[in-house]
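2 protein chains.
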Amino acid sequence: MSSLKDVAKKAGVSIATVSRVINNAPNINHETRHRVQLAMKSLDYRPSRIAKRLRSKAVSGNLIGVMVPDISNPFYVDVLSGIEDFMLSHDYLIIMCNFSQDEQKEQLYLDALVGESVDGLIVAPAHERDEKIIALEKDNIPFVCIDRGLIDANTDLVLVDNDKGAYEAVCFLLESGYKDIAYVSGLPQIPTSRQREQGYRRALNEYNIAFRKDLVKYGDSRMKSGKLLTLELLTQKIKPDALFTGNNLITLGALETIAEMGLEIPADIAIIGFDDMPWSSTLNPPLTAVRQPAYEIGRRAAELLYQRICEPGRPNVKIVLETELMIRKSTRPGKTKTK
Amino acid sequence: MSSLKDVAKKAGVSIATVSRVINNAPNINHETRHRVQLAMKSLDYRPSRIAKRLRSKAVSGNLIGVMVPDISNPFYVDVLSGIEDFMLSHDYLIIMCNFSQDEQKEQLYLDALVGESVDGLIVAPAHERDEKIIALEKDNIPFVCIDRGLIDANTDLVLVDNDKGAYEAVCFLLESGYKDIAYVSGLPQIPTSRQREQGYRRALNEYNIAFRKDLVKYGDSRMKSGKLLTLELLTQKIKPDALFTGNNLITLGALETIAEMGLEIPADIAIIGFDDMPWSSTLNPPLTAVRQPAYEIGRRAAELLYQRICEPGRPNVKIVLETELMIRKSTRPGKTKTK
DNA sequence: TTGAAAGCGCTAACAT
DNA sequence: ATGTTAGCGCTTTCAA
Numbered sequence: 001m002s003s004l005k006d007v008a009k010k011a012g013v014s015i016a017t018v019s020r021v022i023n024n025a026p027n028i029n030h031e032t033r034h035r036v037q038l039a040m041k042s043l044d045y046r047p048s049r050i051a052k053r054l055r056s057k058a059v060s061g062n063l064i065g066v067m068v069p070d071i072s073n074p075f076y077v078d079v080l081s082g083i084e085d086f087m088l089s090h091d092y093l094i095i096m097c098n099f100s101q102d103e104q105k106e107q108l109y110l111d112a113l114v115g116e117s118v119d120g121l122i123v124a125p126a127h128e129r130d131e132k133i134i135a136l137e138k139d140n141i142p143f144v145c146i147d148r149g150l151i152d153a154n155t156d157l158v159l160v161d162n163d164k165g166a167y168e169a170v171c172f173l174l175e176s177g178y179k180d181i182a183y184v185s186g187l188p189q190i191p192t193s194r195q196r197e198q199g200y201r202r203a204l205n206e207y208n209i210a211f212r213k214d215l216v217k218y219g220d221s222r223m224k225s226g227k228l229l230t231l232e233l234l235t236q237k238i239k240p241d242a243l244f245t246g247n248n249l250i251t252l253g254a255l256e257t258i259a260e261m262g263l264e265i266p267a268d269i270a271i272i273g274f275d276d277m278p279w280s281s282t283l284n285p286p287l288t289a290v291r292q293p294a295y296e297i298g299r300r301a302a303e304l305l306y307q308r309i310c311e312p313g314r315p316n317v318k319i320v321l322e323t324e325l326m327i328r329k330s331t332r333p334g335k336t337k338t339k
Numbered sequence: 001m002s003s004l005k006d007v008a009k010k011a012g013v014s015i016a017t018v019s020r021v022i023n024n025a026p027n028i029n030h031e032t033r034h035r036v037q038l039a040m041k042s043l044d045y046r047p048s049r050i051a052k053r054l055r056s057k058a059v060s061g062n063l064i065g066v067m068v069p070d071i072s073n074p075f076y077v078d079v080l081s082g083i084e085d086f087m088l089s090h091d092y093l094i095i096m097c098n099f100s101q102d103e104q105k106e107q108l109y110l111d112a113l114v115g116e117s118v119d120g121l122i123v124a125p126a127h128e129r130d131e132k133i134i135a136l137e138k139d140n141i142p143f144v145c146i147d148r149g150l151i152d153a154n155t156d157l158v159l160v161d162n163d164k165g166a167y168e169a170v171c172f173l174l175e176s177g178y179k180d181i182a183y184v185s186g187l188p189q190i191p192t193s194r195q196r197e198q199g200y201r202r203a204l205n206e207y208n209i210a211f212r213k214d215l216v217k218y219g220d221s222r223m224k225s226g227k228l229l230t231l232e233l234l235t236q237k238i239k240p241d242a243l244f245t246g247n248n249l250i251t252l253g254a255l256e257t258i259a260e261m262g263l264e265i266p267a268d269i270a271i272i273g274f275d276d277m278p279w280s281s282t283l284n285p286p287l288t289a290v291r292q293p294a295y296e297i298g299r300r301a302a303e304l305l306y307q308r309i310c311e312p313g314r315p316n317v318k319i320v321l322e323t324e325l326m327i328r329k330s331t332r333p334g335k336t337k338t339k
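Protein sequence lines, in the order shown, are assigned to chains R and S.
Each residue of the first sequence is one higher than the one before, counting from 1 in our numbering.
Each residue of the second sequence is one higher than the one before, counting from 1 in our numbering.
These are computed hints drawn from the structure, not numbers from a lab.
Note that this is a predicted model, so its numbers are computed, not measured.
Glycine residues also receive a C-beta, built at the ideal position from the N, C-alpha and C atoms.
Any given hint might turn out to be false.
[As the list claims (entries may be wrong)] Coverage of chain R stretches by chain S, computed from C-beta distances (three or more under 8 Å per stretch; other residues unrestricted):
1) 2-8
2) 20-29
3) 95-102
4) 262-268
5) 279-286
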């Protein structure tokens with residue numbers, strides 16, 4: 001790899017001049033610039049981003065970190081796409097960290113990211129009291145939270161109205177005549193799990209249906225958990241007639257149990273999932289789901305981070321995006337209030 | 001952020017000594033080491049990975065780049081997981097680059113990656129004559145290819161026997177009595193697309209079924225393309241009675257068209273997809289698919305890269321993993337040779 | 001066992 | 001309009 005020095009020598013100028021043409025500073029002789037550019041071409045010069053970052057951290061090092069809890073979750077994949085699209089167009093690279101909802105792994109990654117002198121972070125905190133994330137403020141490294149807010153810190157934040165999304169889904173179920181609606185939750189320490197439960201309860205309440213403990217099951221937020229929890233639900237004495245599943249992976253797991261038990265949707269059991277997926281309509285039957293604008297979340301978060309990097313002092317902003325209930329066929333039609 | 005200098009001052013030693021305890025060099029006074037460690041703790045010291053990388057590129061900079069053509073494809077997500085799991089345990093960070101099968105984007109990323117002085121790359125080349133990748137050899141940066149080999153270069157390579165996987169799938173279709181089997185392909189310049197077509201043709205040949213041009217459709221490798229191509233296929237004069245789809249996204253698209261046309265699987269049309277997905281069994285009906293060990297591919301590739309970083313001179317190795325036909329319900333049973 | 005100092009590739013004063 | 005130079009935080013001789 002050739003360096004500034006090599007280019008300078010070849011072009012017969014000082015390294016400062018080369019640096020100037022690279023960052024196209026004003027006041028450069030036209031002919032000089034040309035000569036330098038030629039030298040760069042012929043040497044196949046590519047600037048060292050790390051040297052640049054090491055030298056001047058004020059200015060863009062063009063690298064950010066993204067911490068997601070689960071890369072196998074299509075939701076986060078879409079978020080990542082949104083982040084990547086925005087960042088690429090600003091010459092930023094992304095270090096992807098998949099911390100698997102494991103706080104030790106999270107800390108490992110955080111330290112490494114700091115060591116890389118990233119310009120900023122986009123993070124889905126493990127939970128709302130995640131001091132490891134809060135600590136970033138002390139280190140003065142810009143970050144924006146996605147999906148999950150921090151309780152003791154005022155930060156940039158992009159998420160969705162989980163309570164409302166859940167509320168609408170459960171109301172829809174209730175209006176369709178379902179009464180024994182179960183909620184298959186993810187990890188209760190994750191804010192979204194609880195906000196969605198809140199919406200669920202709010203809907204029940206509104207329709208004067210008593211909340212029943214045995215109809216809510218907590219697990220981790222993965223497919224296997226959804227599968228197991230659903231099995232529990234469908235084999236206990238009081239069986240639900242409808243399932244509200246806490247995220248897309250849980251939904252998939254639930255679907256598997258339902259299929260294995262030979263149950264029909266919606267004849268035997270109805271289901272609405274939180275998170276829509278590109279293939280939701282190809283499921284059996286097409287799945288009714290609460291759609292989060294995942295790509296948009298990512299894109300907005302990236303925008304916010306970029307702004308903050310450029311202008312560290314600006315006030316924090318919280319962006320709440322809307323969910324959308326995608327009504328398909330996993331629920332029996334009809335507004336019959338009688339079950 | 002505190003630096004070596006800060007720690008050195010606090011511990012009352014030179015920065016060289018601090019560096020030594022960090023890299024636990026031999027010959028350090030026990031008491032000194034302790035003092036330094038204390039200082040590091042109290043200052044919350046985290047080493048600058050970029051300074052390290054800048055200084056000594058021979059030794060591990062602990063950063064690699066991964067270039068995938070499509071992060072929305074669950075196959076690559078699994079590959080990424082495999083890479084990440086291995087690399088994390090070796091203190092490596094991953095810069096994720098999603099080049100979207102766009103060669104300009106690919107070049108952009110490649111340059112940036114070189115600028116980051118990554119220790120190595122894991123790449124799925126855009127096609128088998130991708131000179132941008134081959135050029136990495138000149139720059140002396142280690143890389144291993146996944147999923148797609150390079151034709152003019154001898155490299156480390158991890159992939160699957162695509163020909164065989166396709167062959168088995170199509171044979172299975174043939175044995176089940178299907179005769180007009182279509183192949184919904186991805187981009188023909190991608191080696192896997194062609195290898196899978198090869199397997200398809202080989203099977204046809206074996207069963208004395210003439211290859212028919214109008215039963216093979218090429219598109220890009222995304223869901224929409226699968227959807228469109230399938231629509232073409234199912235509305236043309238000679239309709240196929242079975243579909244062999246070139247990758248998971250294409251499969252999903254095909255499924256969508258089939259559903260929209262109100263066709264039943266396998267009664268009206270059979271389908272086998274290349275690539276299995278975690279939710280294949282929850283599809284309607286459970287999808288028969290050619291499973292690639294994606295996670296394993298990633299893991300092996302990471303291993304290979306790590307080895308090569310440690311021992312640049314070792315001979316190239318090519319790892320060919322086996323596919324597995326996951327027989328489920330998207331195909332009509334029976335060995336009837338009569339259609 | 002420890003320290004001093006050079007230098008990795010770059011930017012940003014400061015000179016000229 | 002261009003050159004000189006001092007670092008950024010680290011590793012690594014070379015000395016002591």
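Structure-based check of each hint:
1. 2-8: Not satisfied, violated; 0 residues make the cut.
2. 20-29: violated (count 0)
3. 95-102: holds (count 4)
4. 262-268: Since 0 is below three, the answer is violated.
5. 279-286: It holds, with 7 qualifying residues against the three required.
In this structure, the hints that do not hold are numbers 1, 2, 4, in rising order.
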